[in-house]
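Build out the structure end to end from the sequences listed, making use of the hints.
Quick note on numbering: the sequence shown equals residues 16 to 153 in the working numbering.
Each statement offered as a hint is correct.
Derived EDC-like pairs (lysine to aspartate or glutamate); straight-line CA-CA distance at most 20 Å:
(1) LYS113 <-> GLU77
(2) LYS125 <-> ASP23
(3) LYS125 <-> ASP92
(4) LYS125 <-> GLU48
(5) LYS112 <-> GLU39
(6) LYS59 <-> ASP17
(7) LYS112 <-> ASP92
(8) LYS112 <-> GLU36
(9) LYS103 <-> ASP52
(10) LYS125 <-> GLU93
(11) LYS112 <-> GLU77
(12) LYS113 <-> GLU34
(13) LYS125 <-> GLU110
(14) LYS103 <-> ASP50
(15) LYS103 <-> GLU77
(16) LYS103 <-> ASP92
(17) LYS112 <-> ASP127
(18) LYS113 <-> ASP23
(19) LYS112 <-> GLU48
(20) LYS103 <-> GLU93
(21) LYS85 <-> GLU25
(22) LYS113 <-> GLU36
(23) LYS112 <-> GLU88
(24) LYS85 <-> GLU110
(25) LYS125 <-> GLU25
(26) LYS113 <-> GLU25
(27) LYS103 <-> ASP127
Label pairs and their computed distance ranges (CB to CB):
(28) ILE145 <-> ASP23: 44 to 50 Å
(29) LYS144 <-> GLU34: 48 to 54 Å
(30) ASP127 <-> PRO33: 26 to 32 Å
(31) ALA70 <-> VAL124: 19 to 25 Å
(32) GLU34 <-> LYS59: 47 to 53 Å
(33) GLU77 <-> CYS22: 18 to 24 Å
(34) VAL124 <-> ILE76: 16 to 22 Å
Calculated directly from the structure, the hints in this document are not laboratory data. Glycine included, each C-beta is placed from N, C-alpha and C at the ideal position.
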Amino acid sequence: MDTITLCDLEVQLRVGVPEAERAEPQRLLLTVEMDHDFAAAAQKDDLAQTINYDAVRRRLIEFGNGRQWKLIETLADELAQMILTEFKPRGVRVEVKKFVFSDARYVSVKVDRNRTPRRPTPAQQLMQKIGGVPAGLR
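Structure, rendered in structure tokens:
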């Protein structure tokens, strides 16, 4: 699997549990990793066959216009879902870094989301077919 990484994109968003913390936008850093098969793009040198990371960058910057979040967990999840929906990578990882403590460099949240659910293992498939663990095997 191939990956494009957009590392530490600086954005100004309103995030925080206390209302006072959301009163003004604050500096956050976003790192986004997008999984996709880029073989065709590389072979043909064709932007249409890959994910336009400049378009992703612009969308991330505008994403928070007029919005606010209490939790960076919610923000990270919404960013991941937006990227999956709009840019169609196979999977995406989003890290949000927030600078709120004087005694720590930052606090971060990372989410890992996939466009299609992971295939169940053979054991999980069997369990789905038989409806659980038979009483004699528990």
